[in-house]
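*Asks:* Please arrange chains W, E and F on chain Z, whose structure you already have, making use of the hints.
Chains as they are written, first to last, in this note's numbering: chain Z, 1326 to 1517; chain W, 1326 to 1517; chain E, 1326 to 1517; chain F, 1326 to 1517.
Please keep in mind that the hints were generated in silico from the structure rather than gathered at the bench. Some hints could be false.
Note: identical chains are not told apart, hence a pair may lie in one copy or across any two.
[Unchecked claim] Taking lysine-lysine pairs in the DSS-like style, the calculated list, with each CA pair at most 25 angstroms apart, reads: (1) 1362 - 1351; (2) 1328 - 1393; (3) 1328 - 1463.
There are 4 protein chains.
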Amino acid sequence: MNKTRLEAFSDGVLAIIITIMVLELKVPEGADFNSLKPLIPIFLSYILSFIYIGIYWNNHHHMMHTVKQISGAILWANLHLLFWLSLIPFVTAWMGENYTAPFPMLLYGVNLLMAGIAYFILQNIIIKKHGPNSILAKAIGKDYKGKLSPILYLTGIGCAYFSPLFSGVIYLLVALIWLIPDKRIEKIIDNE
Amino acid sequence: MNKTRLEAFSDGVLAIIITIMVLELKVPEGADFNSLKPLIPIFLSYILSFIYIGIYWNNHHHMMHTVKQISGAILWANLHLLFWLSLIPFVTAWMGENYTAPFPMLLYGVNLLMAGIAYFILQNIIIKKHGPNSILAKAIGKDYKGKLSPILYLTGIGCAYFSPLFSGVIYLLVALIWLIPDKRIEKIIDNE
Amino acid sequence: MNKTRLEAFSDGVLAIIITIMVLELKVPEGADFNSLKPLIPIFLSYILSFIYIGIYWNNHHHMMHTVKQISGAILWANLHLLFWLSLIPFVTAWMGENYTAPFPMLLYGVNLLMAGIAYFILQNIIIKKHGPNSILAKAIGKDYKGKLSPILYLTGIGCAYFSPLFSGVIYLLVALIWLIPDKRIEKIIDNE
Amino acid sequence: MNKTRLEAFSDGVLAIIITIMVLELKVPEGADFNSLKPLIPIFLSYILSFIYIGIYWNNHHHMMHTVKQISGAILWANLHLLFWLSLIPFVTAWMGENYTAPFPMLLYGVNLLMAGIAYFILQNIIIKKHGPNSILAKAIGKDYKGKLSPILYLTGIGCAYFSPLFSGVIYLLVALIWLIPDKRIEKIIDNE
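Looking at chain Z on its own, in the form it has when it is part of the complex (with noise of 0.2 angstroms):
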C-alpha cells in the first residue's frame, strides 16, 4: 500500500483550499483606492489562513516523508483533518467580513482548533503504526508546540467576546510560532 495517492491527493486538496480563497476577494464596483477599502480586514485574514494552509501543508509534507506504511485509519485520519482544512475559506472569509464582531473570530478559533486536534489525531496513529522508536516519534518529542497550540486557540476563543482584535493577534502568534518547518524532523532524518 503505498503513501503516493495520499500525498497527491492531500496536495490537490490543500492546494484548492489555498487557492479557492482568493475568491472571497470578490472584484469592487469603484476603480480607485478607496473602493479597495473595505477589502483590506478580508484581504489580512487571506494572508493569516494562507500561512495557516502553507503551516498545514509544510508540516505533512514532513510528517508523511517519515511514513512508511498507509492504513485505513491513517487515510481516515487524513480526511478527517482535510474536513477541517476545507472549511477554512469559509470561516476566513466571514471573520474578515466581520472583524469587529466576537463569533465570526470565536469560529475561526473553533476550526483551527479543530484542525489541530485532527492533526494531532492523525500524527499519533501514525505513531502508533511505527512504534514508539520511528522517526516521527523521535521526531516530535515532547512536541512543545503540538501542547502549546491548543491552549492558545482555546484562549483566543475566550477572549473573542470581550476583544475580537486580541482573538486575531493570538491566532496571528500560533501562526508565527510554527512558521518555522520542524527542523526536529529534518535534524533527525539527517542523522538517520
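*Replies:* Then chains W, E and F, alone, in the frame of chain Z:
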C-alpha cells in the same frame, strides 16, 4: 500503458469535487450565531457528501492498486464514474437548501445510485481485463456491500416522497457501511 | 528534461476545467421537478463538454505516452491547447442558457475548432521533434479523424445561423467519432 | 527530503489559478455578438495573465529541475511566490473591468512586481543552497531578463496614472520578453 495519470487525474477531480462543495456554504449577512442557523442543514449535507467522496476516493485507491493494465474501456468507465461524482456538489447544495422537500432528497439518492452503478461497471471491466483469479476478483468475493448499497439507495429514493428525513438517514446508513475501507483487498494483498 | 510535470500540470488544468463546469448548474430556487426543467439544456451541454474534455485528456494521455523529450516549443504548444480548453466552461454555459440562439452555438464550435487546431499544432511539434519514424508519427498515420473534425466543426459553425440545433448535433457527432480512444497508438505501442 | 511534493503542490496551485481566472468571464445576459463586447477587455486581460502564469510555471519547472535539496527556506520562499501569484485572478478581473482607470492598472503592475521579487528571492535561496557553481547559478548568468523586468514593471506602475493603456503595453512587453523559455538552463543542462 501506465496507470499513474489515470490515478492523478481521478485524484485531481475528486479533490476539486470535495473542496468546491464548501463554496455552497455562502458567507451569511449577519455576524451572530443566529445567522449561521440556516446553514446547518447545508453543513450536514456537506458532511455526508464529504464522507461519500472520501469513500469513493478510498475504494478507488484500493481498486486501482490491483490494476496492472489500463485499457480504453477502463479509461472511459473511470470518466463515467467521475461524471456522476461531479454532480454531487449540485445535488448536495439543492438537498441542503431543501431538506424537507421530497424531490431534492430523491435526486440525491438517484445520483448516489448512478455513481454506485458506474463504480460497479468500472469494477467489472477491471476484473474482466485481469481475470477471475486477479487480486480484485478475489478481494471483492461475494461483494455484499456492493449488492446491498443499490437496494438501500432505491429504498431511500422510494421513501423520499413520504419522508425525506428517512431517506437522508438511509443515505447516511450506506455511508457508514462503507466507511470502513475495503479490508478484504488489504488482506488479500498482504497474503500475496 | 522530463515530461512528468507537463503531464501533471495538464491533468490538473483538465481536472479543474471538467469540474468547475458543474458550477454553472446553479441550484434552483424551487424544490420540485419543474424548477429543474430550465437546467436541462445546461445539463446536456455539460455532458457534451464533459465528453470533449474527457476525449482531450484521453488523447493527450496517449500522445504524451509517446513523447521522449520535452522542448520549450512543446511546453508552449501544450499551454496554447490548455488555453482554448480553459474557455470551454464559458462557451458551454452560454450555449446551455441560449441553446436556441445562433451566436452562442457558433462560438462553441469556434472554441472546439481552435482547440482542435491547437491539438494539431502540438501533435506536429512532437512529431517534428521525434522524427517521421516515431511511434506517434506511425500511430497517427493518415489521421482521418484529425482531418475530418475541422471540416465538421466548420459545418457546425456555418449552420448555426440557420439551425442551432443542427450545429449541436454536428458537435455531438464529432464527439462520438473521437469517443473511441486512439486504438492506433495503443496498437503500435504493443507491437514495439 | 524530496522535491516531488513541492513541484506537485506548486503545479496544483498554478493549475487552479490559471483555470479559475476564466470564472471572471461571466456568462452575458444576451445571446448576440453585442452582449460579448463588454467582455473583450476582460478576455484580453485573461490572455495576458494566462501567459504570465504560463511563464511562471515554465520557469519554475526549469528552476526546480536544477534543485537537489529542499530546505525549509525554499519551501517558504516558494509559498511566498505562490501567494503573490494567487492574487493575479483578482487584479486581472479588476483591471479587465476598469481598463481605462489608472489604479487597477497600477495594482496589476504592483502584483507582477511582487511576484517577480518573490521569484528572485526563491532563485537566490536555491543558488545559496547549491553553491555558485551549481547549474542554476551558471544558467542564470548575468540574468538580464531578471534585472530588466522590475525596471519595466516600475515604468508601467509609474505611467498608469498618465496612460493606463501604455502601462498595459509595458506589461505585455515583459511577457513577450519572457515568453521564450529559459534556453540558458536547457543549454547548460545539456552540456553537463
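*Asks:* State for each hint whether it applies.
*Replies:* Hints, verified against the model:
1. 1362 - 1351: both (12 angstroms within a copy, 22 angstroms between copies)
2. 1328 - 1393: Close inside one copy (8 angstroms) and across copies (18 angstroms); limit 25 angstroms.
3. 1328 - 1463: both (21 angstroms within a copy, 23 angstroms between copies)
When held up to the earlier numbered hints, the structure conflicts with none and fits them all.
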